[in-house]
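Generate the whole structure from the sequences, applying the supplied hints.
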Amino acid sequence: MERLAAEIVGIKMKNPVMVASGTFGYGEEAANFIDLDKLGAIITKTITLKPREGNPPPRIVETAAGMLNSIGLQNKGVKDFIEKRLPFLSRFKTPIIANIAGETIEEYVELAKILNQEPLVKGIELNISCPNVKKGGMQFGVDADCAGEVVRSTKKASSLPVIAKLSPNVTDITLIAKAVEAAGADAISLINTLLGMSIDIERAQSRLGTMTGGLSGPAIKPIAVRMVWQVAQVVKIPIIGCGGIMHGEDAIEFFMAGASAVQVGTANFVDTQVPLRLAEEILTYLDQHQIDHYKKLIGKVK
Amino acid sequence: MPIQEKCRILDHQKVGPKHFKLTLASKYISTHAQPGQFVNVKCSDSYDPLLRRPLSLHRIAREHESFELLYEIIGKGTKLLSAYSVGEELDVLGPLGKGFSIDQNKKVAMLVGGGMGIAPLLSIANNLKTKALYVFIGSKTSTAVLCESDFKQITDQVLISTDDGSYGKKGLVSDILLNFIENDLGALEFGQATIYACGPRAMLQAIADISFQKQIDCQVSMEQQMACGIGTCLGCVIKTNAGYQKVCDEGPVFDAREILWKD
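For the record, the sequence lines run as chains A and B.
Position one of the first sequence corresponds to residue 882 (our numbering), numbered consecutively onward.
Position one of the second sequence corresponds to residue 810 (our numbering), numbered consecutively onward.
Hints in this document: simulated from the structure, not taken from any laboratory.
A portion of the hints provided could be inaccurate.
Some residues of chain B that are not near chain A, with every Cβ distance over 10 Å (derived) [stated by the list, open to error]: (1) Gln822; (2) Gly825; (3) His841; (4) Arg861; (5) Ala892; (6) Glu898; (7) Ile963; (8) Gln1033.
Calculated pairs, PhoX-like style, for lysine-lysine (alpha carbon to alpha carbon, straight line, at most 25 Å) [said to hold, decoys possible]: (9) B:Lys907 <-> A:Lys965; (10) A:Lys960 <-> B:Lys1048; (11) A:Lys957 <-> B:Lys1048; (12) A:Lys1059 <-> A:Lys965; (13) B:Lys1048 <-> A:Lys931.
Only some residues are given here: those of chain A computed to face chain B with a beta carbon under 8 Å [unchecked claim]: (14) Pro938; (15) Pro939; (16) Asp1026; (17) Phe1150; (18) Gln1154.
From a predicted model like this one, the values you see are computed outputs, not experimental measurements.
The beta-carbon is built from N, C-alpha and C at its ideal position, and this holds for glycine as well.
Spelled out as structure tokens, the structure:
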């Protein structure tokens, strides 16, 4: 498995397969099905300063080769994360990356300061891309100046590496990517979900409690690969690719587009074994193509 | 603890116009499952439909190391499921969720199923020790009446109703239940009775209202659009007096008093 060894933003990982925020909780449920120590890294469900109730149901709609969600960052807040969730995660060696969101820049800063005190937390992923909340979330991620400001402030508040998770709901992803890089981001993960909608034509109403939601799953993979490739042309910091990855071949596409690592998201809802199988399937590809390390694949497509 | 495993299909029968009974082999699930729990079944290897289908456990056959699911073809997933043959395998997550809490000390049990809501009630009937077991099967029409003979093997007191009156009594199953409680069940028994109900939300709300009015304990099995089924996605919440609760692992069975019915 040495051939999959990765180091992203200074965090050593057994392999470049992480689990995406919001699709894995804090690992407790998934631990019934897989050995968490086999993952590259665990990115937590988004943590906010105060508990959040989340959005009114229905929160889920299945769509063609994908799904819409509108969870609304339901979580019990950073205090609960530290007191109740981290102790469980401390049983494992896999690096923990805390995904955070704020309604204001001050909240991101406060969260970064608090998490900076937790030795188990190896990095911070900034959720500046959630499409399902009224304040904060995506509003920071669709404006280059705002996105840069969140990154700059969080970097100042903590010594942890900071990964900016970008929204695909923008006209030019490269502008945002360049802005967060210039602001000091250590890496970029993309993409978060695409804003979407589904209508029940019998009731003439949206199938989601909040009208719109975030589209994820295999349906969005070509968009994600395109955006990773575009961003790879303009930034030097590592990119973590995410969006519709179900199989090893999907991950390979992301590597070739320029991603240094990948995240498994919606696939976790479909099959609990995907993150582990993905690592094996990447290795099989390396064998078949006589490639000694997965890193050789990164950015192969110029 | 739930597991993910490939379960071999032991039997797959058509039991109604769009209704199927599917028997799957699993020592683990049949040993650990409780009435009211469910499994999340992968219906195809393609991406459309993408998600699993949550199906409640109809019969838990510990002695045969198998369990049964009763389902209706509603959309793509269940349509694909219906094409599977005996001997093939299905990828199953289970047993999932919090089932019914069966109080054997209660003298009277009323099982109320509306439509496919009858599916999880058979395994309660199989577990109950009381003789005062009353089963209410409500359907839209005669062809959709399910499990009548299965319940009649356990109790003589099976009341069938259809919305169109084509079989059994005409009317909503909640009205039939209310009529029974008011006319046939002694008021002294109310504190000694439990209602176990599953079906569409409007029906469950009507039954919950009856239970509040008559002060009878009532457990309801709720439904919601679901993705993971194991508690991580937070997609399947419903509003309760303790805030949003997940149908997949804090339910699907709730005390009727927990649900905020008007939301």
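Okay, the hints, checked on the actual structure:
1. The Cβ of B:Gln822 sits about 27 Å from the closest Cβ of chain A, beyond the 10 Å cut-off, so the non-interface label holds.
2. With a least CB separation of 23 Å from chain A, B:Gly825 remains clear of the 10 Å interface cut-off, as annotated.
3. Residue placement check: B:His841 keeps its beta carbon more than 10 Å from all beta carbons of chain A (closest about 12 Å).
4. Residue-level check failed: B:Arg861 sits 7 Å from the nearest beta carbon of chain A, not beyond 10 Å.
5. With a cut of 10 Å on Cβ distances, B:Ala892 stays outside the contact zone with chain A, its closest approach being about 19 Å.
6. Distance check for B:Glu898 against chain A: the nearest CB is about 14 Å away, which clears 10 Å, and the non-interface claim stands.
7. Once the 10 Å rule is applied to beta carbons, B:Ile963 is consistent with being away from chain A; the minimum gap is 33 Å.
8. Taking the minimum C-beta to C-beta distance to chain A, about 6 Å, the non-interface status of B:Gln1033 is violated against the 10 Å cut.
9. About 22 Å separates the Cα atoms of B:Lys907 and A:Lys965, which keeps this hinted pair within 25 Å; it holds.
10. Of the pairs offered as hints, the one joining A:Lys960 and B:Lys1048 holds, with about 24 Å between alpha carbons and a cut-off of 25 Å not exceeded.
11. At most 25 Å may separate the alpha-carbon atoms for a hinted pair to count; A:Lys957 and B:Lys1048 meet this at roughly 16 Å.
12. The suggested pairing of A:Lys1059 with A:Lys965 is violated, with an alpha-carbon distance near 37 Å, which exceeds 25 Å.
13. Restraint check for B:Lys1048 and A:Lys931: satisfied, since their Cα atoms lie roughly 20 Å apart, inside the 25 Å limit.
14. Because the beta carbon of A:Pro938 sits about 5 Å from the nearest beta carbon in chain B, less than 8 Å, this interface hint is met.
15. Taking 8 Å as the C-beta cut-off, the interface hint given for A:Pro939 holds, the closest approach to chain B being about 5 Å.
16. A distance limit of 8 Å between C-beta atoms decides the matter here; for A:Asp1026 the minimum to chain B is near 32 Å, and the interface restraint is violated.
17. This hint holds: A:Phe1150 has a C-beta 4 Å from the nearest C-beta of chain B, less than the 8 Å allowed.
18. For A:Gln1154, the interface hint holds, the least distance from its beta-carbon to any beta-carbon of chain B being 7 Å, beneath 8 Å.
Of the numbered hints given earlier, the model fails hints 4, 8, 12, 16; all others are met.
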